[in-house]
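First to last, the sequence lines map onto chains A and B. The first sequence begins at 1 in our numbering and counts up one residue at a time. The second sequence begins at 1001 in our numbering and counts up one residue at a time.
Please note that a few of the clues may not be correct.
[Stated by the list, open to error] Computed footprint of chain B on chain A; a stretch qualifies when at least three of its residues, placed anywhere within it, have a C-beta under 8 Å from a C-beta of chain B:
no., stretch
1, 3–12
2, 15–28
[Claimed, not checked] Listed next, with one range per pair, are the computed distances between beta-carbon atoms:
no., chain 1, residue 1, chain 2, residue 2, range
3, B, Arg1432, A, Glu46, 55 to 63 Å
4, A, Pro57, B, Gly1293, 56 to 64 Å
5, A, Arg2, B, Ala1424, 38 to 46 Å
6, A, Pro57, B, Arg1249, 30 to 38 Å
7, A, Pro42, B, Gly1223, 51 to 59 Å
8, B, Glu1354, A, Arg47, 20 to 28 Å
The hints are simulated quantities; they were obtained by calculation from the structure and are not laboratory data. In this text, a Cβ means the ideal position worked out from N, Cα and C, and glycines have one as well.
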Amino acid sequence: MRRYLAVNPIACDGHGICAELLPEMIRLDEWGFPVIDPSPLPPHLERLAKRAVQACPTLALVVRESATQDRTAGTSRSGGSRHS
Amino acid sequence: MSGVGGLPGSPGRLRQAVVPGATDLPRLLAGRGTDMDSHFGLWGPMPGGGPSLIDEVERSGLRGRGGAGFPMAVKMRSVAGGRAPVVLANGAEREPVSHKDKVLMAKAPHLVLDGVSIAAETVGASEAVLCVDRSAREAVAGLARARSDRLRSGVDRVAIRIETSPGAYVTGEESALVHWVNGGPAKPTFVPPRPFQRGIRGRPTLVSNVETLAHLALIARFGAGWFRSVGTVEDPGSALVTISGDVSRRGVYEVEMGADLATTVGMAEPAATPQALLVGGYSGAWVPAAPPGALGYDSSSLGAVGASVGCSAVCVLGPDRCGLAETALVVRWMAGQSAGQCGPCIFGLPALSEAFDGLVRGDRRGSALRRVNQLLETIAGRGACHHPDGVVRLVSSTLRVFASDVDAHRRRGPCRVRPGALPAPSAAPVFR
């Protein structure tokens, strides 16, 4: 099952802890907000990803089962977002 | 309008409406006013809705007319399966160059309300809300009068609540409108869940543009075949389009999908041969003005030139304008319309506006253009809604279509042309 990192940009305040914990998948833009690698989360990074999700002060970081949330689609193919 | 029978007057009498001539336009704008008897006299009584209508809508190929162009039948099916669904009619048109929904609600409110009623019955909703922008006075008045006539005659089986929504560009985004109806600010929310899953008070909500619902009201009467008798196979039916800019007959027109774009623009009488068209409003894209026969008003033709129908507003740029100066104003305005929720939008759009201004002022070393391109990449896809993406699309198309102007500005500095084709309304966004 492919899993993907995603950030809720509304909840995100740019603390940047996620990028510290998981620089392999997350870097910060010039304003301190996370730019997330859109490729599937490699199995060897699962544990670090879980730590990053738990460490986010605003619960903005999530892991989910679908790659993108296309806002123009009326139907969602994702299994929903999960906190792990 | 040929072929429509029925006698005027005499409320309560069943009227026989003949299916209007298949290729006749206008359709939505055929009515002559807000009077309920004239409306039912012209179109015949309002048919009931039901699950079988969804199949008809599917056959019709009706796509949303709010901007996303999503297939209406799919949307209806996904809500119809839910528990206690709600219908939300979206008349919260806040795109400065789009007036089609306001005109429709002012001139044909009964067609819109028919659509709301039929949609509600079809998906099993016992609640329906219609949101209209509170500054759209004629639309509000038209709807108010229509609603009181309908309440008196008891024509709707579902009570339709009409709310006047606040003024911000993003108010019409579906999750923002639901957020507002639920008592919050008219700001987008993070999805999932989408409104069709959990919307108004947590219920499955069918959010549909008012024009789409008006088309539904006619499909319910005349069928899928009639709807498809104009338009293209992929984009069937007719559509309203707002034409503005350097034309002498600005306004809302009804065209068949796939109509020649140059001919369509010609109806509004441009003063001189346009140099370019802004297609899809401020989150749309520029296209070079095409000669007659070159470009059709449909998603695949426009897609081939990097544009889409979007909110169906076309701005005409005359030959003496500067596309860069016009766009710079729009970008600054769009930055000011941010809901202020997401870092990449809050910081990215003003930065993009500054960099774009630098392009217009003169960019000898090319640093402004590099900065613009860097920001386009950084900002795209990183907001909770598509507002920043719309600005990215607009600016990308500007660099493409006005490449020679970019070059000229880089070498010679600003041109003397003052912008004036595109409005930048001064009021700050209001979210409540």
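- Item | Hints violated by the structure (numbers, ascending) | 2, 3, 6 and 8
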